[in-house]
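Novice: Read off the chains here:
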Amino acid sequence: MAKFALEGIRVVELTTGAAGPTVARVLCEFGAEVIRCETRLRGDGHRGEDPKKWNMNPDFMKLQRGKKSFTVNMQTEKGRNLVKELIKQSDVVVENYGLGILEKWGLDFPQLKEINPACILIRVKGMGCTGPHAPDLTYGPNVGNTMGTTYLWNYPGATTATAEPRTQHPDFMGGVTGAFAVVLALMQRKKTGRGQWIDSAQAEIGASLLGPKYLEYSVNGRDPQPQGNRSLTAAPYGPYQCKGDDRWCVIAIYDQDEWQRFERLLEKSGLERDEKFATHLGRIRHKDELDRWVTSWTLKQDRYEVMKTLQGIGICAAVVQDVEDQFKHDPQYAATGFLVKMTEPEAGDMVTENVPVRLSETPGNVRGLAPLMGEHTHEIAKALLGLSDEEIKKLEEEKVLY
Amino acid sequence: MAQENSSPPLTGYRVLDLAGPLGFHCTKLLADMGADVVKIEPPGGDEARRSPPFKDDLPHPEKSLYFLHFNTNKRGITLDITAPEGRAIFLELARKADVVLETFRPGRMDELGIGYEALRTQNPALVYAAITPFGQTGPWRNYKANDMAGLALGNLLYLAGEPGEPPLQPPGEIAYGMASTYGAFATAVALYHRLDSGKGQYIDVSMHECSAHIAGYFIPHYGHSGVKPARASRKGEETDLYDPYPTKNGFVRIFIIPVEQWRRLVDWMGRPPSIAGPEFEKMAYRRKNPEPVHKVISEFCLRQTKEELYEEGQKRRIAVTPINTAGEFINSPQTQARQIFTQMEHSVIGKYAHFGPVPRLSETPGRVRRSAPLIGEHNEEIYRGELGMTIDDLVALRVSGVI
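Chains as they are written, first to last, in this note's numbering: chain W, 1 to 402; chain Z, 403 to 805.
The following block holds chain W by itself, in its conformation from the complex (with noise of 0.2 Å):
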């Protein structure tokens, strides 16, 4: 069996929410082993309330695949210390809690660093850990307010603020970035043997991708206004609408070849060749018409054959899919085992998205199941902080393992 590149490194993960939890998940697929502290005093965000259901979210089972859970109270000073023990053993800690916890527990970097100097401690936070909106309240689906991405998601001249789904890239794009800058650090600690700490804000991992919109108010200085689904680099460009009930395929024509292609073959089903859109200039200037010729095919068309013909010809085609299209019509996703299946021992059932970067050398792969609430307890206090049975059944009376 392959070695995974990141086999012997530990990490102990102080996290709520999503994007922290990603950034360790990630690094748990490549061979990290994961501690995840948690707590039966109340139930992480993503198990839920209900203790009955701690180990039945398919949420949870998404983000904490492949870990170890290890309940500990953290308002204990007791549990604390433990914790620090553990960090002792350790190379990374994640964690993403308001600001003002870590430094109350004894564990912000100047602190950790006397506890563990080769120790790498990432903070995730939504607005980062400095400035005056470093404390500020967030989750994955408001961070992208503060940025811009939620005002220019929409139609152009819209009246509503937003069209904007319920995404979390800030979360999942954020945490897959926070696990790049761990690894740098890790290659920069066999170098020096010193850990550092890395400050990730979810806002502007996110606004990174917007660097030409910056610079348009920057350059230009105009703020930019939402574009909706304009292009001037192709057209046709944008989801087409395809027979059936609100069902729409995406087409992009990049060049004249393509557009000669995709001419005939609308010619050849009996539509009617229109000077107008012979260039790319004509398309351009005449993008209200071209959609309307364009949909006058596609209407007649089930999505996946509109797909399935342009690709054939060499165009950019690709079926708006929603969750059952990605289990039931999608054969790229069954040919590369894309959709993992999974047995939770409470929960059943359960899908999972498989890693979708593959190293020929040291692949990753999800590594396990979710862990059930404190599942990892006994295994982790014995040997990592060799307690005896009697003192972990102590120390869980106290409330302290707990």
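Hints in this document: simulated from the structure, not taken from any laboratory.
Keep in mind that the hints are not guaranteed to be accurate.
As the list claims (entries may be wrong) - Listing some non-contacts, in silico: residues in chain Z with all C-beta distances to chain W over 12 Å:
hint, residue
1, F506
2, I605
3, P675
4, V722
Stated by the list, open to error - Reference listing, derived: stretches of chain W covered by chain Z, where coverage requires no fewer than 3 residues with Cβ under 8 Å from a Cβ of chain Z:
hint, region
5, 144 to 151
6, 181 to 189
Just so you know, even glycine gets a beta-carbon here, dropped at the ideal spot from N, CA and C.
Position chain Z against the provided structure of chain W, taking the given hints into account.
Specialist: Then chain Z, alone, in the frame of chain W:
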């Protein structure tokens, strides 16, 4: 914090960048973290130089702000890798490179004789990453897909937009961004592994799969219970207050999850009797009786600016955020305090504020070191300086259209 003279973590690593837009953010992440990224453009320049927006809206290959953002911090050379001399030069460069990143259709690099197998033979430590729309295997591997196609297949486009209107693409090429981020992460993992093993490896990134990772929790939920959201159903289950509220000058979003936040919000609004009852503390109840809730909050928000609501709301530990324009983000106290933008100068575009790098490493932070390259700006530096070519060689290559 970091010493002024600290080096970013990827200092000393050479990346050959053959990426199109699908991989722009990947090599940008590597460049921001210190790698010497050499962008290889076809003679005449990369296609992205034709992408808007442009400085003063004037289309010009050195004035694309899209190109400027993604290529700041990279060096640039021109090279026709489809010509025999071009391939030989690329092989020479790849002999000494640490990373090659490309986004061509599967098999294209092999056809040119510069695929992974050819490069590995001469440089076993090379990390070779290919980011493609669908990965290197599977029935759709040769299909074309742009960012919007990635989002369409990944179940993100389906959810976006208003009911009765077409699905709506997000700003910022998120599917490209996620694929690029995974590409950068995997490259870092491979470089980390190489520190001990001395061996490089091949990385296969699928945008189609990366895109599915952004759409939230629908795959696990559907896989468990078969539930799926309706088209254009923007609102989530996690809060009833999803829609933004108009204020004196724009919109805010109030994102209430725990009951404590609801109580604080009601207190802040002066405990209006129509919604102060304990029954309103349950989200399920508010969902069934949204009118009084929305009426009170709407009236409350309309009396203030979004900045006032943001400041006071957050002070009261309520997750209020303003819906900012790009300009408002740039000028916000938080962005200013964190100095997210670096003042740069480009010889054609002039002064500009460059975003990044993020995230921040305390001891070895990333750095903005140079502006985006002009077409072939570093040809001489690299072809003469590193490969030892003569001026006559350069002229000959130029005449034959190779550089």
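Novice: Checking against the hints above, which ones are violated?
Specialist: 2 and 4
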